[in-house]
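Visitor: Sequence:
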Amino acid sequence: MFSTVAQLKVQLVSNFILLVLMLLQIFWIPSAHKPMWLEIVQYGMTIVFLVIVACILSDLIRKDHIIIDARLIEKRQFNNGWKIRVRAAGEEKLRKFRTNRLFDEILKTAELDKPITVTYFRLTKAVFAIRRPDVDSIKD
Numbered sequence: 064m065f066s067t068v069a070q071l072k073v074q075l076v077s078n079f080i081l082l083v084l085m086l087l088q089i090f091w092i093p094s095a096h097k098p099m100w101l102e103i104v105q106y107g108m109t110i111v112f113l114v115i116v117a118c119i120l121s122d123l124i125r126k127d128h129i130i131i132d133a134r135l136i137e138k139r140q141f142n143n144g145w146k147i148r149v150r151a152a153g154e155e156k157l158r159k160f161r162t163n164r165l166f167d168e169i170l171k172t173a174e175l176d177k178p179i180t181v182t183y184f185r186l187t188k189a190v191f192a193i194r195r196p197d198v199d200s201i202k203d
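Count the sequence shown with our numbering and you get residues 64 to 203, in order.
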């Protein structure tokens, strides 16, 4: 699960590099020098990297955001950001999000069980924006 748009971009670059390295390893090392099980693992990992890159690109290009109006149930600060849990209006289950220090201004003063609006990407669940009625919104 990714935290913010900036981390999505970093993850996209690193996964693309790993994908390229995996493809180079598959096509440049002759099959005679590799055991069969290693080739199967390489093909599987290539597919996984392709799916991850496709999901991240899909979110970043389409900007397919989901906006939920919710109540803040729990917030915890850790070394480089926040972990929050919110309950969307009319739902029983809690949704968990991780954010970075960009959202400190909103989350430090946020009170539990108060309304908050979270905008996140559909596939990767990366937080795009957090809004509170009494504070200007912050976007990544």
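Rather than coming from a laboratory, the hints here were simulated on the basis of the structure. Heads up, a few of these hints could be off.
As the list claims (entries may be wrong) - As a list, the in silico DSS-like pairs of lysine-lysine whose alpha-carbon atoms are at most 25 angstroms apart:
(1) 156 with 146
(2) 159 with 126
(3) 146 with 171
(4) 171 with 159
(5) 138 with 97
Visitor: Give a verdict on every hint.
Guide: Status of the hints after comparison with the structure:
1. Distance check on the hinted pair: residue 156 and residue 146 sit about 16 angstroms apart at the alpha-carbon level, within 25 angstroms; holds.
2. Restraint check for residue 159 and residue 126: satisfied, since their Cα atoms lie roughly 20 angstroms apart, inside the 25 angstroms limit.
3. Proposed proximity of residue 146 and residue 171 is supported: the alpha carbons are some 12 angstroms apart, at most 25 angstroms.
4. Straight-line distance between C-alpha atoms of residue 171 and residue 159 comes to about 17 angstroms, which keeps the hinted pair within the 25 angstroms bound.
5. Pair hint residue 138 plus residue 97 does not hold up; C-alpha atoms about 49 angstroms apart against a cutoff of 25 angstroms.
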